[in-house]
Amino acid sequence: MKPTTWFELVIEASIHAAGYSAIVFVGLILIFLLREGLPALSEVELSALAGTRWYPIEHHFGLWPLIGGSLIVTLGAALIAVPFGLATAIYIAEIAPRWARELLKPLVEVLGGLPSVVLGFLGMLVLAPMVRETLHTPTGLTAFTGSVLLAGMAIPTLVSVAEDALDAVPKSYRDAALALGATRWQTIWRVTLPAARSGVLTAIMLGIGRAIGETMTVMMVTGNAARLPTSLNALFLPVRTMTATIAAEMGEVANGSVHYHVLFTIGIVLFLISLGVNIAASAVVFRQKKRAERLLS
Amino acid sequence: MLSRTLTERLAFILIGLAAFATVLPIVLIVGYIVAQGLPAINWEFLSAMPRDGMRAGGIWPAIVGTVYLTLGTGVIAVPLGIAAAIYLAEYAKDNTLTRAIRLALINLAGIPSVVYGLFGLGLFVLFLRFGTSLVAGCLTLSIMTLPVIISTAEEALRAVPQSFRLVSVSLGGTKWQTIWRVVLPEALPGILTGVILGLERAAGETAPILFTAAAFFLPRLPGSIFEATMALPYHLFVISTQVPEMPIQIQYGTALVLLAFVLTMNLVATFIRSRARARRQW
Amino acid sequence: MAGLYRKGKRMNNDFAIMRAVNRSHFPSPRANRQPIFFYWLAVLALVGCASPAASAARPEAQVTLQNKGSDTMVNLALAWAEAYEAQQPDVSLAVTGGGSGTGLAALINGTVDLANASRAIKPEERQAAEANSIHPQEFIVARDAIAVIVNPRNPVNQLTLPQLSAIYSGQITNWREVGGEDRPIVLLSRETNSGTHIYFLENVLRLGSKENKTLFSPDTLLLPSSEGISAEIRQNPNAIGYDGLGYVTSDMKTVAVAAQAGGAYILPTIATVNDKSYPIARDLYIYSQGEPVGAVKAYLEWILSPAAQQIVAQLGFVPVK
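Residue numbers (our numbering), protein chains in the order written: chain A, 1 to 297; chain B, 1001 to 1282; chain C, 2001 to 2321.
For reference, chain A alone in the conformation it holds in the complex:
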C-alpha cells in the first residue's frame, strides 16, 4: 500500500495533512478564543460576570441576562420545531405518496438554504407587527418572534436527519409489525419511531444546536433588551441573546479593552455550549448503536 512515486508520496502526505486539519482548526479556534477571552477573567471578577445587569459601557458585565435570553429563545424554537419538524419527517419518510415526497423534500431544502438575514428582514417587517397585533404584546420584537424564525431555520436540519434515521429502520421491522396485524400508524408509532429513537434524538439536538447559534435573525427581531427572563411569560417580551450581543457590540470595542475580552468570553461560552450539544448528540448515536449490536448478536 506504499505510494510508488515521489509524486504519490507528496500527494498522500498532503491528504493525510488535510485529514488532520479538522482537529487543527478546532484547536486554533479554541486557542484564539481563549487567548482573547481569558484575560477577562483577571480583569473582571467572576461574581461580576455572574451578575444580572449587562451594560458594558458602565462596566456591568453580568452574563446571565444574555445566557437566559439565548436559552429562552432556543426553548421556544424547540417547542415549535420539534412537533412540526418530526411530523414533517414522519410524513415524508412514512406516509407521503411519492409525488408529495418529491414536492416536500426540495421545499424543506429551500427552507434550509434561506439566508438568516432574509428571514430577519421579513421578521422585522412582517412577523413582528403581526405578533404585536394578534397577541397584544407591547411590542412585536419579542423572544417569541425570534423563536418562530429560529424554528424555521432548525426544522430543515431536524427533518433531514430524522428522515434519514427513519429510513434506516430495516424494512423487516415494518413488515413484521404489519404481518402481525398492526395498522400503518400503529407500526410507525410503536415500531419504527422507537427503533429510530437515537437518530431522532440526534436530529433534535442538532436542530437545537443550530437555533442557539443563530445571529442575524435574532438581532433583527428580538429587541435586544438585556432583561433576565424570569418566567415563561418572558417569551413574549424582548430579550437579548449572546450571539446578537457579540455581533452588535464587537464593532465598537477598542482592541484589548475589558469589553473586548468579555465579548470573547461570551464566544467561549457559545463554543462550549455547542461542544456540549454535539458531544451529547454523537454519544447518543454511538451508545444506541452499541446496544443494538448487542441485541442482534
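What the hints contain is simulated information worked out from the structure, not anything from laboratory work.
Predicted, not measured: the structure shown is a model, and the values here were computed from it.
Treat the hints loosely; a few may be bogus.
What the hints assert, rightly or not - Derived CB-CB ranges, DEER-like:
id, chain 1, residue 1, chain 2, residue 2, range
1, A, A17, B, I1013, 47 to 57 Å
2, B, N1095, C, V2063, 55 to 65 Å
3, A, I57, C, W2302, 30 to 40 Å
4, B, G1223, C, A2256, 42 to 52 Å
5, A, I57, C, A2086, 33 to 43 Å
6, C, Q2260, A, H59, 24 to 34 Å
7, B, P1161, A, R98, 19 to 29 Å
8, B, R1279, A, A168, 22 to 32 Å
Cβ atoms here follow ideal geometry from the backbone N, Cα and C, with glycine treated the same way.
Go by the hints and put chains B and C onto chain A.
Structure of chains B and C alone, referenced to chain A:
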C-alpha cells in the same frame, strides 16, 4: 377509545396538516419576496453602483463582492475539503485519532457563525494583520464551510462500490491511481452537490463577514484581496436597519437578488444530484 | 488490502482498453463535470468582463480616504463623499458606520484617516491614541438635535427632561402617567456603541450630572440602528424613541421638550438648536489622526464650506455657521 382505523386516519390527517403547515410558509416567504422585490429588478439595479446614499442606483458592488467571497471560499475550501474527505474515506484507520477527527468535524459544523466571525477577527484580521479584507473573509468562510464539504464528499466517496477499487487494483493500479482515476470521478456528482450546498451557505452568511470583510459603502470594487468589500447579506442588513428613507422596493429587491443567488445554487445542486442518481450504474 | 497495490506499475493497457469499451456503451461520468465547468466559467467571465466596465465608470482614484464611525453621521458622511467625489474625481472615500466608538477605536488603531463621532472623544480614548503616537484633532462639522419621537397616534405632545429620565430608567411605565392613554411604554434606544446613546445617557437620564449613576431600564430595546427605531415607532403606538433630527421622518411625531417642569416646551428645529433653546442638542465631530495634511486637509476644509453645510441642512442636521 377510538378504533385503530380511526386513530390512524386522525393521526395521518394531523401529521399531514403539520407537514404542509411547515412547508407552506416557505412558499409564502419566497412568493412574498418575489412579489415585492421583482418591480425593483432591472438591468440598472443589477449592474450599477449605488447612488444617493445607496437609496438609488444599483447593488452591483454587493453582488460582485458576494461572488468574490464565494469563489474565494471555494478555492480554499474545496481542495482542502476533498483531500480531507479522501483521507477519511480511503486512508483513515479505525482508531482514536480518526474518532477525534470526526468529533472535531462535528464540532466545527456546530459552531455558531458569529463565533467564526470572532475567530476570523482574532486570527486573520488582527493577529495576521490582514485587516478587514476579502482574504480574511474568505479564510473564515472556508473554515466554516469545510465540515459540510468534507461530510458530503466522504459520503459520496464511500458510496462508490468496493468492487470498483478491487477491479482497478487487480489491473495493477496503485492506491492513488485508483482514487484519482476511478473512485473520484464516480463520486464527483455527490461531491459537487456538497460543494455547492456548502458554498450556498457561505454566500448567505452575514456574521462571519461582519468583522472580517464587509464594508458599508465602497466607492469602487475591491482591487486586491487585501481590501474590504460590500456583500449582499451585509448590504441587506445595512439598508434595512441603518439607512433612513430607504425605499422599501430597494430593500425587497436586494433580498430577492440574494435569495435568487442562493436558490439558484440550491437548484443546481439538486439537479446534479438527481441526474447522477438517474444515471447511476450500480 | 495490503499487497493488493503492486509497486511501480502504471495503469495497465488492459484497463485502458476496458475503460474505452465501457465508455462507448455507457455515458462517462466525466460528462457530468461539463455543466458545472461552464457554470463557473460563465460566472468568472461575467465578473471578469464587468470589473473593467465598472472601473471604467470610475477612473482609477489616486487617493482613498478611510472614513468610519458614527451611525448618526454615516448618511451625512456618505452624502458628503458623493458630492466631494463628483468635484474631485481623483479622491475617493470609503465610508463605514459601526458607531462613534467603532470609529474612534479605528482611529486609535491607526486604520482610518477620519473618524466620525456624535460625541466627544473620551479621555481614556485620547490616552490610548497618544500611546500609539496618534494625536487626534477635533473638528466640529455639524450640530444635531436629539428628537424624542413617538407614534403619530400617541396623544402626548410634550415632556420634560426629568419625565424623560424617569421614563427611560423604568420608573414611569405607562403612558397614562404622563397624560397619555392607558398603554405600556415601550422604550427604544440605540445600541451602547452609539454616540447618540451615550449622549442621551449623560444628558437626559443623568440630567447632565456626573455623579448621577442612573442606567437605562433593562427593558430598553437596543435596536441595531436608527431605521430599526423608525420602523418600530411607525407601527407601534406604545413606543417612544430618540434619535438624531436627521432621522425623523414625516410619519413620526416629535415631542416638544422642556428642560424642567414649568419651562417652555421647545420643538427641535435648526433655529432652536442654534439659539440653544432646545435642551438636548449636541455637536457632531470628525477626528483626524494628527494635524491634517494633503487630501485629508482639503476634504475637511470643504466640509466646513457653505456647499457642504448646505448638504448638512438638507439631511436634517444643523449647519455650524
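Evaluation of the provided hints:
Remark: the range hint 47 to 57 Å for A17 of chain A to I1013 of chain B is upheld by a beta-carbon distance near 55 Å. Range check, N1095 of chain B to V2063 of chain C: about 59 Å between beta-carbon atoms, so the 55 to 65 Å window is met. Taken as a hint, the range 30 to 40 Å holds for the pair I57 of chain A and W2302 of chain C, whose Cβ atoms sit roughly 33 Å apart. For the hinted restraint 42 to 52 Å between G1223 of chain B and A2256 of chain C, the CB-CB distance of approximately 51 Å keeps it satisfied.
Judged by the Cβ atoms, the range 33 to 43 Å given for I57 of chain A and A2086 of chain C holds: they are separated by roughly 38 Å. Against the hinted window of 24 to 34 Å, the Cβ-Cβ separation of Q2260 of chain C and H59 of chain A comes to about 30 Å, which satisfies the hint. Against the hinted window of 19 to 29 Å, the Cβ-Cβ separation of P1161 of chain B and R98 of chain A comes to about 26 Å, which satisfies the hint. At about 25 Å, the beta-carbon gap between R1279 of chain B and A168 of chain A stays in the expected band of 22 to 32 Å.
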